[in-house]
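Engineer: Given next are the chains, with one letter for each unit.
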Amino acid sequence: CPQVVWSMLGNRQFCSYKMTTKTQNFCRNEYNLTGLCNRSSCPLANSQYATVREEKGRCYLYMKTIERAAFPRRLWERVLLSKNYEKALEEIDENLIYWPRFIRHKCKQRFTKITQYLIRIRKLTLKRQRKLVPLRRKIERRENRREEKALIAAQLDNAIEKELLERLKQDTYGDIYNFPIHAFDKALQQQDAESESESDAEREEEDDDEDVDKREFVEAEDSELSDFEDMDKLETSSEEEQEVEEEEVEKKASHSKSKGKTPLKGPARRKRPYIEIEYEEETEPSTKTKAA
Amino acid sequence: PGDGSGPVPGDGTDPPAPQRVLFPPTFSVSEIKNKQRRHFMFLRWKQQQRKEKLALKKKRRKEREALGDKAPPKAVPKTIENQRVYDETTVDPNDEEVAFDEATDEFAPYFNRQTVPKILITTSDRPRGRTVRFCEQLATVIPNSHVYYRRGLALKRIIPQCIARDFTDLIVINEDRKIPNGLVLSHLPDGPTAHFRMSSVRLRKEIKRKGKEPTEHVPEVILNNFTTRLGHTIGRMFAALFPHDPQFIGRQVATFHNQRDYIFFRFHRYIFKSEKKVGIQELGPRFTLKLRSLQKGTFDSKFGEYEWIHKRREMDTSRRKFHL
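Protein chains in written order, with UniProt numbering: chain U, 1 to 292; chain R, 1 to 324.
Everything labelled a hint here was simulated from the structure, so no lab data went into it.
For glycine and all other residues, C-beta sits at the position ideal for the given N, C-alpha and C.
What you were told as hints is all true, and nothing was included just to trick you.
Covered stretches of chain R (in silico footprint by chain U; criterion: 3 or more residues with CB under 8 Å from a CB of chain U, positions within the stretch not fixed):
1. 71-81
2. 254-265
3. 268-276
This is chain U alone, in the form it adopts within the complex (with noise of 0.2 Å):
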């Protein structure tokens, strides 16, 4: 009998529903009525008991008479409740006619608040769901080691440097960049290439006029400079000469950067600071001749 029960599993033997806190005591049985561990609402030591349940988003009404205590499997008697509120609400009425009030006002509240939450769940589905992708660490270590990788094999800096000045020499930045050497090397390689192959005919005359005040110059820097390197310039340095000269005008011509960028010194470079002025002297002759 329900007092004999309840004197056991409420106070003083083990109930394997019963949860306890500081404050209250839960019962966790599936048809408990409150959710709480009272002598009214638990399910095992009231013969006559009855709860409201959902399942799948459909309510419905469990019921358990003194007559069916010896048949466990028949124990729970279920009622589906309609969709409709007050219909529910009318049918539980019905169904619960003459059982104590306190079972049938907890059984209204129960059904009440389940229906509040389906229809919550039912509005959030609509909105948007957040999915969550586990992230699975073997791969995350290995996408990880491999952007490395390829950072390093990227070489970024080169690559941005490259395609920088790849768009420089194609002249996308116009005239904004104030180096006009590049260009100007090209047309001035072209002028030697010309100019080299005209003036060979040229030359061999020019040496003949001219040879005397260069083997002069030559001997002079001879003595003064003891670098074999030197000696083996001064071997082809009528060619050599004229290079430098041409060189020179075209510097002064140009009126270059200053910034200590000489491609053009190449083999004509001397260890100590040459002296200009005999240059000119001699190179004004052959300048006239070769732009005539």
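Given the coordinates of chain U, assemble chain R onto it according to the supplied hints.
Structural biologist: Frame of chain U, contents of chain R only:
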């Protein structure tokens, strides 16, 4: 016992290794039970291997010099880029079909200069500080862009409003655990949507030796290494973010560099020190992207038509195969 021939080592002081150690043919260093001795024998074996290798190298170099001009050309070392599995969708620069496609795809209006890019940057719900700051910096980098807070709005409803207000692109930065980790880039009037995984995001203050703030000038764009058809589409998507005429006065350049399917974004200021040397200084945020999926229409996760999804089981089988 089955040791190699050679003097037995004393305690701690090992005798010098003999010139040519002759191990019996079935000997392996790992069979010695004694750890100290095993270690010693292994070191000796290693030294011998190294010597042989050096000798081989020297011999080869001598042969090479002896041949002089007739020597075979030096072998090019294998890199992952060299060994890349040939992708049949690689774009040939002279391909007419591709050129025709590109003249008629969704970016045609941009490349024909009919539309001016206008970009909306937003985040997922409730962005944290880092993401917010990243969005702001991204907005300074990309000209004509606006940042709007999400506030729980559905993307599907934002998109028609954006189209109505003449936006051309939409960027959504997804956030997880207070750091940005995903990017959705959508070309608006019905354009493709690309979903990327974003990693190593560095804000401006975390970049060392950075310059001053990026100015309002329109930067240049560099797109590197987008070779396949897919890569081309993505490259054009990125290009469509920036206005057509870069202002060279600003000397700023935004780079999207694709390497092995990772797209690195950098923002620099350059200066030409001479005609053969250029100096670059990094300003602006940096991040890397990896493409996860490309969708034909605008953002629609359920009913959209996917042009490309990264399927791990099928696509990650080979280490030498890349898709972009």
